[in-house]
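A.B. asks: Chains as they are written, first to last, in the numbering used here: chain P, 31 to 526; chain A, 31 to 526.
If you are wondering where the hints come from, they were derived from the structure by calculation, not from laboratory data.
A couple of the hints might just be wrong.
Note that identical chains are pooled: a pair holds if it fits in a single copy or bridges any two copies.
As a list, the in silico DSS-like pairs of lysine-lysine whose alpha-carbon atoms are at most 27 Å apart [stated by the list, open to error]:
1. Lys-362 x Lys-473
2. Lys-362 x Lys-273
3. Lys-296 x Lys-473
4. Lys-365 x Lys-473
5. Lys-253 x Lys-198
6. Lys-296 x Lys-365
7. Lys-473 x Lys-210
8. Lys-210 x Lys-365
9. Lys-166 x Lys-198
10. Lys-210 x Lys-338
11. Lys-273 x Lys-253
12. Lys-338 x Lys-253
13. Lys-296 x Lys-137
14. Lys-338 x Lys-166
15. Lys-253 x Lys-473
16. Lys-166 x Lys-53
17. Lys-135 x Lys-362
18. Lys-273 x Lys-135
19. Lys-273 x Lys-338
20. Lys-210 x Lys-135
21. Lys-473 x Lys-166
None of these values were measured; they are calculated from a predicted model.
There are 2 protein chains.
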Amino acid sequence: MPASEQEMSCGRGPHEDLIRSLKQMLPPESLLTDAEDMRPFECDGLSVYRRLPMVVVLPDTVDQIQSILRLCHTLQVPVVARGAGTGLSGGALPLSNGVLLSLAKFKRILNIDPENAMATLQPGVRNLAISDAVAKYGLYYAPDPSSQIACTIGGNVAENSGGVHCLKYGLTVHNILMLKVVTMEGELLTIGAETLDAPGYDLLALMSGSEGMLAVIVEVTVKLLPRPERAQVLLAAFDDVYKAGEGVGAVIAAGIIPAGLEMMDKLAIQAAEDFAHAGYPRDAEAILLCELDGTNAEVSEHILAVRKILQQSGATEVRTAASEAERQLFWKGRKSAFPAVGRISPDYYCMDGTIPRRQLPRVLRQISLWAEEYGLPVANVFHAGDGNLHPLILFDANRDGELARTEEFGQRILELCVEVGGSITGEHGVGVEKINQMCTQFKADELEQFHSVKSAFDPDWLLNPGKAVPTLQRCAEFGAMHVHHGQLPHPELERF
Amino acid sequence: MPASEQEMSCGRGPHEDLIRSLKQMLPPESLLTDAEDMRPFECDGLSVYRRLPMVVVLPDTVDQIQSILRLCHTLQVPVVARGAGTGLSGGALPLSNGVLLSLAKFKRILNIDPENAMATLQPGVRNLAISDAVAKYGLYYAPDPSSQIACTIGGNVAENSGGVHCLKYGLTVHNILMLKVVTMEGELLTIGAETLDAPGYDLLALMSGSEGMLAVIVEVTVKLLPRPERAQVLLAAFDDVYKAGEGVGAVIAAGIIPAGLEMMDKLAIQAAEDFAHAGYPRDAEAILLCELDGTNAEVSEHILAVRKILQQSGATEVRTAASEAERQLFWKGRKSAFPAVGRISPDYYCMDGTIPRRQLPRVLRQISLWAEEYGLPVANVFHAGDGNLHPLILFDANRDGELARTEEFGQRILELCVEVGGSITGEHGVGVEKINQMCTQFKADELEQFHSVKSAFDPDWLLNPGKAVPTLQRCAEFGAMHVHHGQLPHPELERF
């Protein structure tokens, strides 16, 4: 991990003015300053990065959020907003000289409008709680990140979360209608509309995936979808991982968009099978799980078509789940693949990159060559339908130099994703984890344009500074980019 | 129309430095300075606004575009980019002291990638030409504005165009993957990726619908969809326009998303029938056209379900097109509704607003009350499924004061759209036409945020100034908003 992101001792005490003012605006239980109280907030799901903030605030009204941000703006104190802290790229890593703003108390469902298939939520509502609350109307909220039991809608918007179903139903950005956000200056803005399109620049999409760097999300209106009449899953086994990759392309080329199209290779299959007993064929080199949903007739028709396509692609076996219980079991294996791999290796590093689908065979081949070169096994588990890879590099952090080799291997995978026309993230965001790889993905002009957009919302760079978009200085240090026109915007921010 | 938007005589000759430099960088046929040569560029589809630019340039390489923009940036000359000029809100209206940059020569299809269902296009490729070019692979490009024979993909992106099929398949923003754009400073940026998501702020969505105010689009990569196996259309007649509105809600509530769901009221039906002989029931108060597409089985199932729902909503007749020829005929009536209304009235004013679907009956009722109050008949033709209204106000510009009354009536309709939770545009953009209504739709803080985003791309406000987002000064003059903090950003731009 880059040295500048490691825990830093800031060398000065907490900001007295700040604490005094916060005490005036918040009840005592909403303000944490003691190290032990703040410990749960020191990291998100990427726990290799940890840092205590100066102070944690847990407001429970939008007014309080506005006051906190106005105060921090006046005092020029940086702020990191945090949802459930399930993010995997360190986007919610605190700053030792900053405020950690938790949205944990914003848990209310504000409105459900079944007739227009929409719901308005506070940002701390859990992803799965939305679908649970609207189930009685036959509706659900489509994006389903693996962490959906715990992750919250505000964080989903900040990271533009995906999930198994995003192939057919889109990412978070495609499933939201309206946001209320508070800017660093404490202004409350309404963005988007309850209709398909809104005039003015598309700030709704801009906010989605902005990793807490433009404004703090305080309300989210989502689109709901009718629950499909039927969902069915096929499991196809292959004796060759590349044939499975070609099967993926053939399904899509046939004009069928599955609700989910997932792939696992041998190592992942075996680990998942040992853990979840999902009935996977242990000898297969790869399996595909293909979920089809829709009306009864549509699903029946698609199952026949997909079965035929996968057999033509060389599947050695194609099984249809015989019952809802078996369907759930097929998915249980896939969903437990990460913990299952965790059981067979002391450590693993979960990568997240995206490639155009046609590049699947090439990228898989290269990853397996590198796995030999580095002597590090890789289990591949991924959203094959949309080209989102999750190679899990197995390693042992206790072995000398193995973490560094793992990181180098991972970085080469991400650079390969860019090289073949893809990107360094799929659905986990950039955060602190992949900030250096942003220098590979973008030209200096493009990064500068991102910085201009940041400044248009937050001219002093106080919201979650140092995340997601690297400064040109950082890229120059990383060695991936020449500094443009010899100018460094905001060089003072390098200290974060 | 607001006085400041009317043709202005700028009172000085063409900018000599500019012309001299343009002559050096462009072949003679790519530079028009003669008033008669420039006449075809004086307006777009909103021809009530007309103005000659200082000069028209028709570059044919990206290098030339970069040079032109760099030059205009240096000389601080404003630039208006123009696609096919089919826009309906005056977004491409020239500036008398500015350059009109036509993308008409950028007509090449650069790449078709059937395996990944994408195509890369120059911005001047016509919308329908994309679907024509990829038809042999069984693919098509989904957004289909009425002007699709003529309008171009660059303009579609700039306006975030919709069409009959956007209910099911989304707007332009949902169907593009990557853009190349040139900033006002002449920088060439790549935005988006060939994958579902890209890291960094979502500039792809931000550019979509930005009405040429952030950058000039020079290349577009679109998603393609497999042509559905079957499309079928139902025509339902109602003796009451509100019942038709409820039918729309009932179809959507049943979890069926039609490929198109269009509504016409009696005046529109009769005009269309007289013009196109589509076989519409002349006595009906309203008709719905509902297109269903997908696999054979799915379409069969949906036709039965929709027929039943519409009968339950009180349809007096539900007909299924008996052949592809009849399907085309049903659509011909709908697609010719505007020219058909043009035949029965000396003038008409086509409004474009969006409302939440549940508000359809309320808004229709109010429009018909106002129609009586103003003594101006209204023909309603609209994309009912997504709440996008196109009321056509019939008037005679030769009658004293009738244009002014029509505009007032239209303005009240747009304000009603905002009041019921909708927006002042559906798919026609803001341009110069609705710039005052933006003051109704947005608070000062929100408009200021738009201006900050504009400045992040174009700090000197040289790209298409005076369009789409009003200055606070303008809103103050319009009487809809108080000036915020007493500050006016860029007051000098009020002259455009």
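A.B. asks: Does each hint hold? Answer for all of them.
C.D. replies: Against the structure, the hints:
For a Cα distance limit of 27 Å, the shortest separation of Lys-362 from Lys-473 qualifies neither inside one copy, at 41 Å, nor across copies, at 48 Å. Only within a single protomer do Lys-362 and Lys-273 lie at most 27 Å apart by alpha-carbon distance; the minimum there is 24 Å, versus 46 Å between protomers. For the identical chains of this complex, Lys-296 and Lys-473 are neighbours neither inside a copy (38 Å) nor across copies (56 Å), given an alpha-carbon limit of 27 Å. For a Cα distance limit of 27 Å, the shortest separation of Lys-365 from Lys-473 qualifies neither inside one copy, at 36 Å, nor across copies, at 45 Å.
For a Cα distance limit of 27 Å, the shortest separation of Lys-253 from Lys-198 qualifies both inside one copy, at 15 Å, and across copies, at 14 Å. Proximity of Lys-296 and Lys-365 under a CA criterion of 27 Å is satisfied intra-copy only: 16 Å inside one chain copy versus 55 Å between copies. Proximity of Lys-473 and Lys-210 under a CA criterion of 27 Å is satisfied inter-copy only: 13 Å between copies versus 32 Å inside one chain copy. In this assembly of identical chains, the alpha carbons of Lys-210 and Lys-365 never lie at most 27 Å apart, being 33 Å within a copy and 38 Å across copies at closest.
In the homo-oligomer, the alpha carbons of Lys-166 and Lys-198 lie at most 27 Å apart both inside one protomer (23 Å) and across protomers (24 Å), since each shortest distance falls under that limit. Taking the shortest alpha-carbon separations for Lys-210 and Lys-338, neither the intra-copy value of 48 Å nor the inter-copy value of 40 Å comes in at or below 27 Å. Taking the shortest alpha-carbon separations for Lys-273 and Lys-253, only the inter-copy value of 25 Å comes in at or below 27 Å, while the best intra-copy value is 37 Å. Only between protomers do Lys-338 and Lys-253 lie at most 27 Å apart by alpha-carbon distance; the minimum there is 26 Å, versus 35 Å within a single protomer.
Taking the shortest alpha-carbon separations for Lys-296 and Lys-137, neither the intra-copy value of 41 Å nor the inter-copy value of 48 Å comes in at or below 27 Å. Only between protomers do Lys-338 and Lys-166 lie at most 27 Å apart by alpha-carbon distance; the minimum there is 23 Å, versus 36 Å within a single protomer. Taking the closest pair of Cα atoms, Lys-253 and Lys-473 come within 27 Å of each other only across two copies (24 Å); inside a single copy the shortest separation is 35 Å, beyond that limit. In this assembly of identical chains, Lys-166 and Lys-53 lie within 27 Å of each other by CA distance neither inside one copy nor across copies; the values are 43 Å within and 68 Å between.
Within a single copy, Lys-135 and Lys-362 get their C-alpha atoms no closer than 31 Å, and across copies no closer than 55 Å, so neither meets the 27 Å cut-off. With identical chains, the CA atoms of Lys-273 and Lys-135 are never at most 27 Å apart, being 49 Å at best within one copy and 43 Å at best between copies. For the identical chains of this complex, Lys-273 and Lys-338 are intra-copy neighbours only, at 14 Å inside a copy versus 45 Å across copies, given an alpha-carbon limit of 27 Å. In the homo-oligomer, the alpha carbons of Lys-210 and Lys-135 lie at most 27 Å apart inside one protomer (16 Å), although the nearest pairing across protomers, at 42 Å, exceeds that limit.
Taking identical chains as interchangeable, the C-alpha atoms of Lys-473 and Lys-166 are never at most 27 Å apart, the minima being 49 Å within one chain and 37 Å between chains.
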